[in-house]
Amino acid sequence: MARSYTTCGILALAGWLIAASALAESTQDDTKSSQLSKHRFSAVLESEAAYGIARDRANKMEMVLDPQWEYRWSDETRITGIARLYTEGFDHLEPGRLSQGEVSPNSRRLQLGDRTDIELREFYLRTRLWGMHLTLGKQQVVWGKADGLKLLDVVNPQNFREFILDNFDDSRIPLWTVNAEMPIGGGNLQLLWIPDRTYHRLPQADATFAFSSPLIVPQAPPGIAVNLRPLERPNNIVMDSDIGMRFSTFWHGWDLTLNYLYHFADFPVLFQSVFLAPGGATVTVNPRYERNHLIGGSFSNAFGNLTVRGEAIYNTDQFVLTMNRRDGDGVIKSGEIAYVLGLDWSGIQDTLLSVQLFQSWLLHPGDGMVRDPLDTTTTVLLRRHFLNETLETEVLWLQGVNQGDGLVRPKVSYELRDNLKIWTGFDLFYGDRKGLFGQFDRNDRLVIGMEMGI
Amino acid sequence: MRSHMQNLFIGLFLLIPLSAADVAAESLPAGEEIARRINVRDEGEVVSRFITMAMTDRSGTERVRETKSLRKYFGKEKRTIIFYLSPSNIKDTAFLTYDYPEADRDDDQWLYLPAARKVRRISASDRGDYFLGTDFTYEDIRKETKVGIEDYSWKTLGEETIDGHRCFLVEEIPVNDKTAKELGYSKVQSWIDTEIWMVRQAKYWDVAGNPLKTLQVREITLIQNIWTAHQLSVENHKTGHKTVFTFKDVNYGQSVKDEMFTEDALRRGY
Numbered sequence: 001m002a003r004s005y006t007t008c009g010i011l012a013l014a015g016w017l018i019a020a021s022a023l024a025e026s027t028q029d030d031t032k033s034s035q036l037s038k039h040r041f042s043a044v045l046e047s048e049a050a051y052g053i054a055r056d057r058a059n060k061m062e063m064v065l066d067p068q069w070e071y072r073w074s075d076e077t078r079i080t081g082i083a084r085l086y087t088e089g090f091d092h093l094e095p096g097r098l099s100q101g102e103v104s105p106n107s108r109r110l111q112l113g114d115r116t117d118i119e120l121r122e123f124y125l126r127t128r129l130w131g132m133h134l135t136l137g138k139q140q141v142v143w144g145k146a147d148g149l150k151l152l153d154v155v156n157p158q159n160f161r162e163f164i165l166d167n168f169d170d171s172r173i174p175l176w177t178v179n180a181e182m183p184i185g186g187g188n189l190q191l192l193w194i195p196d197r198t199y200h201r202l203p204q205a206d207a208t209f210a211f212s213s214p215l216i217v218p219q220a221p222p223g224i225a226v227n228l229r230p231l232e233r234p235n236n237i238v239m240d241s242d243i244g245m246r247f248s249t250f251w252h253g254w255d256l257t258l259n260y261l262y263h264f265a266d267f268p269v270l271f272q273s274v275f276l277a278p279g280g281a282t283v284t285v286n287p288r289y290e291r292n293h294l295i296g297g298s299f300s301n302a303f304g305n306l307t308v309r310g311e312a313i314y315n316t317d318q319f320v321l322t323m324n325r326r327d328g329d330g331v332i333k334s335g336e337i338a339y340v341l342g343l344d345w346s347g348i349q350d351t352l353l354s355v356q357l358f359q360s361w362l363l364h365p366g367d368g369m370v371r372d373p374l375d376t377t378t379t380v381l382l383r384r385h386f387l388n389e390t391l392e393t394e395v396l397w398l399q400g401v402n403q404g405d406g407l408v409r410p411k412v413s414y415e416l417r418d419n420l421k422i423w424t425g426f427d428l429f430y431g432d433r434k435g436l437f438g439q440f441d442r443n444d445r446l447v448i449g450m451e452m453g454i
Numbered sequence: 455m456r457s458h459m460q461n462l463f464i465g466l467f468l469l470i471p472l473s474a475a476d477v478a479a480e481s482l483p484a485g486e487e488i489a490r491r492i493n494v495r496d497e498g499e500v501v502s503r504f505i506t507m508a509m510t511d512r513s514g515t516e517r518v519r520e521t522k523s524l525r526k527y528f529g530k531e532k533r534t535i536i537f538y539l540s541p542s543n544i545k546d547t548a549f550l551t552y553d554y555p556e557a558d559r560d561d562d563q564w565l566y567l568p569a570a571r572k573v574r575r576i577s578a579s580d581r582g583d584y585f586l587g588t589d590f591t592y593e594d595i596r597k598e599t600k601v602g603i604e605d606y607s608w609k610t611l612g613e614e615t616i617d618g619h620r621c622f623l624v625e626e627i628p629v630n631d632k633t634a635k636e637l638g639y640s641k642v643q644s645w646i647d648t649e650i651w652m653v654r655q656a657k658y659w660d661v662a663g664n665p666l667k668t669l670q671v672r673e674i675t676l677i678q679n680i681w682t683a684h685q686l687s688v689e690n691h692k693t694g695h696k697t698v699f700t701f702k703d704v705n706y707g708q709s710v711k712d713e714m715f716t717e718d719a720l721r722r723g724y
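Those protein sequence lines, which keep their order, are chains A and B.
Position 37 (the first sequence) corresponds to 37 in the working numbering; numbering is contiguous.
In the working numbering, each residue's number is its place in the second sequence (first place is 1) plus 454.
None of these hints come from the bench; they were simulated from the model.
Every residue gets a Cβ at the ideal spot worked out from N, C-alpha and C, and that includes glycine.
Hints may contain errors.
[Stated by the list, open to error] Pulled a few chain A residues facing chain B out of the computed Cβ check, cut under 8 angstroms:
#, residue
1, D169
2, S171
3, H252
4, D255
5, N301
6, N388
7, D418
8, G453
9, I454
[To be verified] Label-pair ranges, simulated between beta-carbon atoms:
#, chain 1, residue 1, chain 2, residue 2, range
10, B, K711, A, L416, 32 to 42 angstroms
11, B, R495, A, G131, 31 to 41 angstroms
12, A, T376, B, Q685, 52 to 62 angstroms
13, B, E613, A, G347, 32 to 42 angstroms
14, A, G186, B, R495, 26 to 36 angstroms
15, B, E499, A, L357, 37 to 47 angstroms
16, A, F247, B, G707, 30 to 40 angstroms
17, A, D75, B, E516, 22 to 32 angstroms
18, A, F90, B, E516, 33 to 43 angstroms
19, B, D560, A, W193, 33 to 43 angstroms
20, B, E614, A, D75, 11 to 21 angstroms
21, B, D560, A, P105, 22 to 32 angstroms
22, A, G131, B, Y527, 48 to 58 angstroms
23, A, R326, B, D560, 57 to 67 angstroms
Chain A on its own, in the form it takes in the complex:
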């Protein structure tokens, strides 16, 4: 009962934030006076529609309202709340009512029918105490220097309802976290305690961006029944919480971090067992979250027109599916070393050319693994601004080297008014249907959208 009261309270707070956003216009003048008032309301309304080219049908018509409220007690203490009202016209991205099994009870969304949700996105107190910066509450913690793909940015789980097409800020799932930062040794030490046991939200089988690649989903041979068991969630708020730390410093022009995260990996491991019966074989799949130690670091520096940045990590416990029928549980456990190296070149005015190389190397590969021991992905981003940054054009290209698949995203956006931006673009997948990107080869789409600040 106590838990349901907490959940109701959290959702009531989200509802209040959304209602209060209606008053944002009347309080806007306070902000415009440039004097920071104690209360600040603002909101962003975003709408995006997508038309599936290959399927010849519209597959997205969403509206997202993010009201934000902030109350400042002093320069060093403030409380921030961000809610989200989300409605989707076609119900193709997250069809029907969601089970929300991956989400801890106090982080779940309130579903108003199949197509509308209310969520408390963030709600935290930020203050300074005993020389520390404390951020207490539901929040996003972002690590790393990479764009487009994630190595260190794994503190918060992600909603994959649009694979990786959604903005990370939108797809990242905020967690109830104790976040303490303190200056130490010429740098900054961040300590995290995350009792919120919420993990990646994966699309259902009938969703537009449901996973089908054998890299992610085990493939049962024809004629074999599959029995999917309920998800096993960690259930102890203390013993099953995540902890992390990051030390960051600026040393001779280099931005450096050292990171450590002891966490449950946000993808469930799909352990499999085969039962032979007179009526035929059955594969039972037991999805379970597994612990991992992540040790890593990042760096960046600028040399003339060139900015160099990178991340490297070591994961102690990665689980990879195997097709080896003699394997006991259908997965192979291995350590993993992964890195990303990025170069940003800005030798032409208002233009950015960014290239990245991602590589993941499994230290203990096994027979029949669905992925190669060394997996490589490259990205290229070309962006140019025009008309005092009111017009932005960009092309992002991600290429999976091992599978020969990829994603190309040309986009044009224009700031029509002070607080109104519109955009259009394409999301074009290509390659083998077994690949991470190629599995969505029939999901190419034309996107149009608008964002309005209130």
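Dock chain B against chain A, hints included.
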């Protein structure tokens, strides 16, 4: 018929103004000296202020950003941080720069983009790029009302009056093509107040030698005994775009912690 003596007097009379002008030019301070005087002008160890950035395009459409800016000297190194407060769709964007006194050391710059929630390191040679849609370059933002002495050769052209204030007119030519390309200027002319050593007006030419933009510095008043400009306006003659920075609540006495000028402070916001 004039005598030789009369011709001599006439000749001497004609020479007098020329000699006076030469003497006057020689008595003007050298360009480098004026630049040095600009840069030694007291601008406070610390300053805190709100800046309204109003940008207007050729058609008259206006965009307004409210920001909070803090600047602090660490010895001779100047650190500046700017937090965007509104409008809501770009709120929390933040920019940090370390401006080093050594001529051969690139400045360090960071930009926090709330859409990605990540701090991006920016190349220091982007200094000729325009700062977040304004008509000020990153270099202009870093220098504020100071100048890059080492980037230009300086020449005093004369004296003129701007808004009733006596000013030295100085011409600045980038020291080489590379610097000109980095800055985006082939020539600058500045009108510097002879009393308070602050630029009151400046004209810029692009690298092709065409008129580029004009800066006007207005509403200069004494705050806590420091001369302070409250309005900087730039008009770009090529695009018709105009930017006006209006400064409010300027405070040179506020205590600002060193840790406000870090990458983590960018992320935490204001």
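* **Hint check: 8 angstroms Cβ-Cβ cutoff, H252 (chain A) to chain B** => violated (11 angstroms)
* To do: Can you let me know if the beta-carbon spacing of E614 (chain B) and D75 (chain A) is within 11 to 21 angstroms?
  => Given about 44 angstroms between the Cβ atoms, the range is violated.
* To do: For G186 (chain A) and R495 (chain B), compare the CB-CB distance with the range 26 to 36 angstroms and indicate the outcome.
  => Roughly 32 angstroms apart at Cβ, these two residues keep to the hinted range, so it holds.
* Do the beta carbons of D560 (chain B) and P105 (chain A) sit within 22 to 32 angstroms of each other? -> violated (51 angstroms)
* Asked: Was the hint right that D255 (chain A) lines chain B, CB cutoff 8 angstroms?
  -> holds (6 angstroms)
* Asked: Taking 8 angstroms as the limit, does the beta-carbon of G453 (chain A) come near enough to a beta-carbon in chain B?
  -> holds (4 angstroms)
* Quick one: are K711 (chain B) and L416 (chain A) within 32 to 42 angstroms, going by C-beta? -> holds (39 angstroms)
* Whether the CB-CB distance between R495 (chain B) and G131 (chain A) falls inside 31 to 41 angstroms -> holds (36 angstroms)
* Should the hint that R326 (chain A) and D560 (chain B) are 57 to 67 angstroms apart at their CB atoms be regarded as holding? -> At roughly 59 angstroms between Cβ atoms, D560 (chain B) and R326 (chain A) fall inside 57 to 67 angstroms, so the hint holds.
* Go through the hint on D418 (chain A) and say holds or violated, using the shortest Cβ distance to chain B against 8 angstroms. => Where the cut-off is 8 angstroms and the nearest Cβ of chain B is about 4 angstroms from D418 (chain A), the hint holds.
* Asked: Given a hinted range of 48 to 58 angstroms, is it respected by the beta-carbon distance of G131 (chain A) and Y527 (chain B)?
  -> 24 angstroms Cβ-Cβ, so the 48 to 58 angstroms window is violated.
* Whether the CB-CB distance between F247 (chain A) and G707 (chain B) falls inside 30 to 40 angstroms -> 34 angstroms Cβ-Cβ, so the 30 to 40 angstroms window holds.
In summary, the numbered hints that this structure violates are 2, 3, 20, 21 and 22.
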